[in-house]
Amino acid sequence: MGKNKAAVVGGSVLVILIIAAILAPIIAPYSPREMSYGNELLPPGSEGYLLGTTSLAQDVLSYVVYGLRISLYVGFGTLLLEVALALTVGGLSGYFGGVIDELLMRFTEIVMTIPPIILLITGVSMFGTRSLEIIILFMALVNWPWMARVVRAEIMSRKQEPFIEEGRSMGFSELYLLVRYIFPTVLSPVIVLGTLDVAWFILYEATLSFLGLGDPTSTSLGILVSMGRDVLTSGWWVSFIPAFLIFLLVISLNLLGDGLRDALDVRENV
Amino acid sequence: MLLNVSDLQTHFFTDDGVVKAADYVDLTVEKGEVLGLVGESGCGKSTVALSILRLIPKPGKIVGGRIEFLSQDLLDLSQRAMRKIRGNEISMVFQDPTASLNPVLSVGDQIGEAIRIHQNVKKRKEINARAVEILQKVGISDPRDRLANYPHELSGGMQQRVMIAIALSCQPKLLLADEPTSSLDVTIEAQILNLLRELQQDLELSMIMITHDLGVIAEISDRVTVMYAGQRVESATVTQLFENPLHPYTQALLEAIPTTEHAVTTIETIPGKVPSLVNPGKRCLFSPRCEIATEVCKSTLPESKRVEEDHIVACHHQGGPDRSGGCHEE
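The listed protein sequences correspond, in order, to chains P and G. Position 128 of the first sequence, counting from 1, maps to 128 under the numbering used here, and the rest follow consecutively. Position 50 of the second sequence, counting from 1, maps to 50 under the numbering used here, and the rest follow consecutively.
Honestly, the hints are just simulated from the structure, not real lab data. Only true hints are included.
Some but not every residue of chain P turned toward chain G, in silico, with C-beta under 10 angstroms: (1) 98; (2) 164; (3) 165; (4) 166; (5) 169; (6) 173; (7) 181.
Some chain G residues judged to face chain P by a derived CB distance under 7 angstroms, without partners named: (8) 53; (9) 55; (10) 83; (11) 92; (12) 100; (13) 101.
Using C-beta positions, here's what the derived DEER-type ranges look like: (14) 4(P) x 84(G): 46 to 54 angstroms; (15) 180(P) x 126(G): 19 to 27 angstroms; (16) 59(G) x 248(P): 50 to 58 angstroms; (17) 17(G) x 180(P): 31 to 39 angstroms; (18) 18(P) x 120(G): 39 to 47 angstroms; (19) 171(G) x 265(P): 34 to 42 angstroms.
We put the CB at the ideal spot given by N, CA and C, even for glycine.
The shape of chain P in the complex, shown without the other chains (with noise of 0.2 angstroms):
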């Protein structure tokens, strides 16, 4: 019970984040990067700037609600590709087994061999214009083996059901199986091991933009941190207002995640 009402308040905080970044014109009182010359610095609680400014003189609250959009993006855009990733590999090696499997799985382990960080670093430093994108597309072909393992099992076990059996009495093709009957069944894991990889992946993007290997166009969160990294004695919640959204977007995200691991009965550790 008490997991569940952990999932509870997770679910809603995430949600008030979500339409915050959603309105995010709406409550942003400037564009997030508009500099007001003289107003360098300011603390929160000022006079039009709620939670203050920073050291470029710009509005820290418009900053932020532009920050969430971001990382949402981020993160649910790299969950929807790491998704696509995983049910395409341990669909098909969980599925037809045999070769295929052998394959895909020996694949899927040399994947897993590579330090995701340094992999990333190297990927997204490669490219001269580093864009959201890249950094979706990199966190994605890091992360999508540990899914693709889950996926793979789940299917393992399922598809030895009766009603697969059925549909293929019907001459269904094994494809059309796979997708319209075996895939249904796999959601529950993915979806509890999916909602924790988004709290991974806005941890990671807002890692990367700190280290300056973001998005420089882009207003994420983590650039925030880092501009206000220089400025941590005489303004505080440069950093530190930026840091604790990112903090309440990773919690609500664990929270969620556990509480729909109990809800929807996957095991543990697979």
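Following the hints, position chain G against chain P.
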């Protein structure tokens, strides 16, 4: 003749050896006829049905024989051509409807998908109209309201009706019913059997009814094929089989039916168990359990003999030394 299976050999290549789940099985089904396929668990009844649809799971394989359906050998067809037969020309009703219905598709979707795929009907309205029509045929009340239901919202009997509706959705010529009533309780079983009988007559459907229950056979079949340990031991019309069973195994099965004529104190059983189908050897496979087995039974595989029109038996003694089978004076 609609279906003519001859010398069907379906083997499973397991780590323990080759299991001959169906060994030189012959059977025929005429148009509009119900063939009962009887035998105890593990005798290869379902293997025969799955072989006809070519759905033998690994490590099984059809290694020989012919399965002629409408004068073409199904074993010659490509996978793609075979898929056009499954569900469209030949379809199957499974034993456990709860497990055999897709839990995430609604009743309407499940009936509709075969119509959509096999008969190329794309309009949702038309598919739904067809589904409603079929649900009505299988005796489901308020069929229009049932389309949106999911399998778990229906009772076991209703689920089996839906299974039958799915199987009949494309007007197949042959229905394989694999113990369709054994997971249902007795009153529902009677309803479903009546339904199958009615549908079979209305639609002039041919059917193979697989069961271990001779009561079901008597109820619904025109002819019967009895299987034992992967082999056909006897084949006859229902009347012939019940009046004049020739194979000792068939006789034992019939004796094992409890009657209501006198108080039953002990239930007749057949001693022993089905032999391992790995290297069964050259002998009558029933001989270890047979009361009238002689030396010849333990050394030679009996051949199938036609003793009268429509009555075939594979026994050296044709049902016992006292019966006039006309072979044995050693």
